[in-house]
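Engineer: With the hints as constraints, model all of the structure from the sequences given.
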Amino acid sequence: MDLKKEDKIVSNLGIPSSFGKTYSEDEKDATIRLKHATREQYKLIKTKQQKKTELLKNIKESQSDNSDDDDEFDDDEFNIDSIPVSHELILSGEHKKLVSSISLDPSGARLLTASYDSTFKLWDFNTMDINSHHPFRSVEPLETYQLHSALFSPNGKQILAIPRYTKPKLYDRDGIEIAEFSSGDMYLVDMKNTKGHTAEITSGAWNPMSGDLFATSSNDSTVRVWDVNNTRSQRDVIVVRSKGSRGNKVRVACVTWFKNDLTIPPIIAGTDDGSIGLWDTRNESTRPSHFIESAHSASVTAIVQRPLSQTFATRGFDGVINLWDSRQLKSPVLSRSGVKTASEDGNDIIFDPRPSTLGQYLLVGSFEGKVHVLDTSDLSTLMVIEDLVSSSDHKSFISSISWHQGLNQIITGSSNGQINVLFSPSTSHKGALTSIEKVPRRKYVDDGNLGTVNISAAGLEADITQAREKQEERLRINKTREHEDLSNPFKSKGNYRSNRSDSVSFDKTQNKGTVWNIPNQSYVRENVHLSELIHEDPREALLKYAEKAEKTPVFFKESDYSKRPLAETESEDKIKVKKRKNK
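Heads up: the sequence shown begins at 132 in my numbering, then just goes up one per residue.
A couple of the hints might just be wrong.
[As the list claims (entries may be wrong)] DSSO-like mimics (lysine-lysine), calculated; alpha carbons at most 30 Å apart, straight line: (1) Lys461 x Lys227; (2) Lys227 x Lys561; (3) Lys561 x Lys390; (4) Lys288 x Lys228; (5) Lys569 x Lys288; (6) Lys390 x Lys374; (7) Lys710 x Lys601; (8) Lys390 x Lys326; (9) Lys374 x Lys461; (10) Lys471 x Lys461; (11) Lys501 x Lys471; (12) Lys228 x Lys561; (13) Lys228 x Lys501; (14) Lys326 x Lys374; (15) Lys471 x Lys228; (16) Lys227 x Lys390; (17) Lys526 x Lys228; (18) Lys323 x Lys390; (19) Lys380 x Lys326; (20) Lys461 x Lys288; (21) Lys374 x Lys471; (22) Lys390 x Lys380; (23) Lys461 x Lys390; (24) Lys227 x Lys323; (25) Lys471 x Lys526; (26) Lys374 x Lys323; (27) Lys288 x Lys390; (28) Lys561 x Lys501.
If you are wondering where the hints come from, they were derived from the structure by calculation, not from laboratory data.
Structural biologist: Shown next, in the form of C-alpha cells:
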C-alpha cells in the first residue's frame, strides 16, 4: 500500500502516525483559523447613508468648488469597518440557561459570565486555544438561586455577585468567596433601621471611582451603598418613593453610578412604575436631587451612561429608548420606540466605549436575537447584527452585551446560554483573537487522549448508535412486560410467590393440590416440613417435659430442691422496728 494513502487512513481514524506535534496543516496557519471564524451575518441599514450620498451628489453638481460640505458629510458617514463584527468566537455548551450579565477585567484577559443556571463562570483567553474553549472555574453562589449579574470591580481584583436573594456576595478574581453581606429584618417597617435588604435584590453596580463601594437596588424600595470592608451593615440607605419623596414606596428595578469628577459620584435608579431618580450620596439626605416621573410607561430595565459625557440612556419594558442630559432632565433629548426587550436584568444595552468615537454608537439587544447599532445623534439604526442565536431557536433573544475598550471586542449573551465574542483582526487586540491565533497545544504519545479513535472517521458511529438504540429498545420492552405482569392480578400473585426465596415449590403445570395456582391445606400438610406446628399450643408442649425434668435434673440436683428455703415475708411494721434498733 502507498505510504501516503496509509498515513491518510491512519489520520482519518484519529491515530497518531508520528511522535511530537500532531495538529493538522490547517491548524498551523492562523490565517486559516481566522477564515473559519469569519461571519457575514450583519445587515447594513443604508437609508441614512444613501440620503447623505444623494445630498453630496446634488451639492457637487450645483457647487463643484465647494468642498467644505463634502468634508463635513464624509466625516459623519458610517463606516462598517469601525464596528468589530467581521469575525466571531462562539462559547456554547457551558451555561444551561439565560446569560444574565457579561463582564471583563480591566486588562481584558478574563471574561466573567453570570446565568440563570445559578452559576457564574470565569474564562481566560490566554489559556484557551482553537480546540479548547472552556471556563477554568464555575461557581454557584447560592445553590438554586438565579444570578442577576456578576461584575468585576474597577481594579479587577474582586467580583460582586448579585443573586435573586437578599444578600450580595463578594469573591476574589479567582472565584474564591471573600464575604457574604447581611440581610435585614423583614418585620421592621422603617427601612433605615434595617442592616440589609429585606426583599430580593434586583441589580448592583460598582462605584467607577473606587473598588471599595458598590450599590444595590431591591424590591424592598431601597437603594443601599455598601463598603466591602463592612459586611454587617450597609453604608447608606436610600428609600425610593414615587413622586420623589412624597408618594408611596416603589420597587427599584435598576441602579447605576453617574461617573463624574467626584470620588463618590451620584446614583441613578429606575423604578417599576417607570420613574427615574438621581441622588447625591455625599450627604445623608434621601431626597433625590432630580426625579423624573413617568419617564417610561413601564418598568425601567436599564440605565447606562455615555462615556466622558453628561448624557445617559434608559430603556424600559415599553420598548422605548430615551437619551437624557443630566443638566436638563425635564424631558429626554432623543427618544425612540419599537425596540422591545425581553431581558429584565438591563444588561442588553451599552455605549461604544472607545475614546475615538466618544459613545457615537449605542448597541441594543432585541428579543429577536439581534443587536441593533444605533446612531446617538438621532437614534436611527445603522446596522443590525444577525444570527447571534441558532436559526432554529426562534424563542431565544439577546440578554446581555458588553464592549471592552482595550480589546475592542463585543461579547453577547443569549437566553439559550450561548456566548458570542465578535471581533475584527484589523482593529481588535488580544482576547478572542489570541485564542484563535494561538497554536494548539503540542500532543505527545503519552497523552491520554491519543489512545482514542475518531469513531466518525472510522465509520463506527452509526454502529455504536444502532447498538445503543437496540439496548434502549430492550430495556423499554422489559419495563413494558413488568408493567403488564403487575397489572394482571393472577400473574402478579404467581410471580410474587414464585420469586420468594422461601416459597413453596409445587407443580403448576398439572395443578395438583392447587386452587387458582395456590396450594391447598392437604398439599401443604403432606409436602411442607413442620407445617403442623402452626396448630400446636406452646404451653402444652413445654409441660410434656416437666415430669422428665424432675426425674433427670440437669442444672440442679434433686436434694437441692428440698434444702432451699422459702421466701420470707415480713410486715412493714417489723421492718420499721428493725431499722430503729439498728440506729
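Engineer: Give a verdict on every hint.
Structural biologist: Status of each hint after checking the structure:
1. Lys461 x Lys227: It is violated: about 43 Å lies between the C-alpha atoms, which goes past 30 Å.
2. Lys227 x Lys561: holds, 27 Å
3. Lys561 x Lys390: Since the Cα atoms of Lys561 and Lys390 sit roughly 27 Å apart, the hinted pair holds (cutoff 30 Å).
4. Lys288 x Lys228: holds, 27 Å
5. Lys569 x Lys288: Roughly 26 Å separates the two Cα atoms, so the pair holds.
6. Lys390 x Lys374: holds, 25 Å
7. Lys710 x Lys601: The hint is violated at about 91 Å.
8. Lys390 x Lys326: Given that 30 Å is the threshold and the Cα spacing comes to 27 Å, the pair holds.
9. Lys374 x Lys461: Holds: Lys374 and Lys461 sit about 14 Å apart, inside 30 Å.
10. Lys471 x Lys461: Holds - the C-alpha atoms of Lys461 and Lys471 are around 24 Å apart, at most 30 Å.
11. Lys501 x Lys471: holds, 11 Å
12. Lys228 x Lys561: Given pair Lys228, Lys561 holds - Cα atoms ~28 Å apart, limit 30 Å.
13. Lys228 x Lys501: Satisfied, since the Cα-Cα distance of roughly 18 Å is no more than 30 Å.
14. Lys326 x Lys374: holds, 26 Å
15. Lys471 x Lys228: holds, 21 Å
16. Lys227 x Lys390: Roughly 35 Å between the alpha carbons, so the hint for Lys227 and Lys390 is violated.
17. Lys526 x Lys228: holds, 13 Å
18. Lys323 x Lys390: holds, 26 Å
19. Lys380 x Lys326: holds, 18 Å
20. Lys461 x Lys288: violated, 39 Å
21. Lys374 x Lys471: holds, 26 Å
22. Lys390 x Lys380: holds, 27 Å
23. Lys461 x Lys390: holds, 20 Å
24. Lys227 x Lys323: violated, 39 Å
25. Lys471 x Lys526: Roughly 14 Å separates the two Cα atoms, so the pair holds.
26. Lys374 x Lys323: holds, 19 Å
27. Lys288 x Lys390: holds, 20 Å
28. Lys561 x Lys501: At roughly 25 Å apart (the allowed maximum being 30 Å), Lys501 and Lys561 satisfy the hint.
Checked against the numbered hints above, the structure breaks hints 1, 7, 16, 20, 24 and satisfies the rest.
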